[in-house]
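These are the residues of each chain, in order.
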Amino acid sequence: MPLLEAAGIVKVFGKLTALDGAALAVAENEFHGLIGPNGSGKSTLMKCIAGAEQPTHGSVRFVNQDITALSPTERARAGMSLKFQITSVLPTLTLYDNILLALQAQSSLLDLVFSRTRGTLHDQVMSMLTQFRLADRAQDAAATLSHGQQQWLEIAMALAGKPRLLLLDEPTGGMSLEERRVTGELLQPIKQHCSLVIVEHDLDFIRDICDRLTVLDQGRVLESGTVAEIQASKSVQEIYLRRA
Amino acid sequence: MGVAKEAVRATASGGPDIAMPECEAAGTLPVRQTRRKVLPIVEGLTLAVAILLPLVLQDYLTVFATRVIILSLFALSFDLVWGYAGIMSFGQALFFGSAGYGVALLARDLEITAIFLVLPAAALIGLIFSLLLGGFLLLGRYPSSVIFVALGTLTGSYAADRLARGWYYLGGQNGIPSISPMTLGSAEITEGPVYYYLALGILVVVYLLCRFLVRSQFGLALAGLRENEQRIAFFGYKAQHLKAIVFAVGGAIAGLAGGLYAFHEGFVWPNMLGVVISTQVVLYVLFGGSGTLIGAVIGAIIIEGVSFYLSDNYRDVWPIILGVLLLLVILFRPLGLISFVLGERERVGSFGRKPKGRRHAAP
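These protein sequences, in sequence, are chains A and B.
The opening position of the first sequence corresponds to residue -7 in my numbering, with each subsequent residue numbered one higher.
The opening position of the second sequence corresponds to residue 110 in my numbering, with each subsequent residue numbered one higher.
The set of hints was computed from the structure by calculation and includes no laboratory data.
Source: prediction; values computed, not measured.
Even glycine gets a Cβ: it sits at the ideal position worked out from N, Cα and C.
Among these hints, one or two may not hold up.
Claimed, not checked - Across the chosen pairs, the derived CB separations fall in these ranges: (1) F106/A - I298/B: 56 to 64 Å; (2) A135/A - V147/B: 16 to 24 Å; (3) E177/A - I160/B: 57 to 65 Å.
Construct all of the structure, not just a fragment, from the sequences and the given hints.
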């Protein structure tokens, strides 16, 4: 039984059909890459899974539960986490507070008002920051980080709630080669406790990190399989050549 | 701060090393240590001035100053709601006025004037009205827009004003005159230094409660909320509930201020519910600086003080002078007067565990 199973997802924006029966299945602790040409519906599919958009048709199942109608908050509480394509760290807050904000999301209201979880979460905040190599910037405002570091902070925040599934929309967008390499390293350890769906243009990056790939084209699944299968696929090569 | 920084470094050195040239530049400690101090100084000075004021003022000015203190309390409620939760309540006077009317009716019809009954009643009335309106405006299926909330609250305030004008039981246009004074045991609390210090004491207590709230982890959630509501929903926060809670707390504070105001003035009238006072409180906060608490108090004091002075000395043109002054500040200092002394970093603050001189164990 897969951890996440999206089936028959259709999303229509006015006259534009962004998704036309797309599907995606992700197993426990699997890193799954979502690729395809521009406008193939990758981001829209991510949003439908995370609840940022409601699909016009189709269903999303997560941990054996139909979550199609749940709000983003409810999905987050069920163990799903999304990192947005555009970085949305909170720029005026310190790095420390950005992580704390993510970590304390499931504390009760009274715990928040009386700051009861501040002490117990401190070590977790510091270990998240250390894991993402940001610990010595802890007291700086997030706005002062480089673009790549903001992406890492964002990934750290997305992982803070110990999700079972992390959705990453273009994590390496705008990063240097070195930063991409580090991002790959940073993501590897989470495989022990978390599945990953990743949308990415950098095919080398995807190939290095993912177990399976799904290729979207014009809102439909063109091909889905292991990295080796996809690399050997004629039809996938065709769509990439067609655009190139 | 130094200790925390050291702790942070200790932890950091345990992690894998990667060259990050920005780190050294950001590690400059002295800047960080000096910039944490402004807010308590401003708060202390304001409090000192407020405590000493009645000693130097003539009696009729103390009465005026009491009114300003009560309006500051009212301004505090709006700052909490707008400055911290990002809810543009353009009808905050609805809670101020309805609590004023409520205690006026208690005094007139039930002869209840005991301070320990009427002031909690005032806060309760504000709380109930804001829960009702907030539930309606903020707890929809989707997050409500700032414009929707602004228009919704504005309409509520306007409607209440019209309702009070037309309702005979509430005294119509004239409101409820000559409310009997608030009492403590057999003593009457009338305008003057006693009322002034009562209002100031309440302001200080409420201020400290608000300060506690906005600096708690709840305050951190609010900081996230006003910067990016959608983002924090994806963390699993019930963002709309947080907003409704703050709106209700703001309503209770506005109600408390309304109760104090009604007994201080000795009468209530429909304007107290209406759009003019609602707008006035928005101006106090924007002028002083929203999202700082003390900015609301300073804004109320300065605007009321300047109006008082101008209306005395420039009888014909003072509203124009005041209007231009407000425009200038809001155009050129969008973060309010307080931003002359208060930096962005301190205004936002930090919410992590406060250093207690204990070194964090390095892994």
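Here is what the structure says about each hint:
1. F106/A - I298/B: 56 to 64 Å: With a Cβ separation near 33 Å, F106/A and I298/B fall outside 56 to 64 Å, so the hint is violated.
2. A135/A - V147/B: 16 to 24 Å: 20 Å, holds
3. E177/A - I160/B: 57 to 65 Å: At 59 Å between Cβs, range holds.
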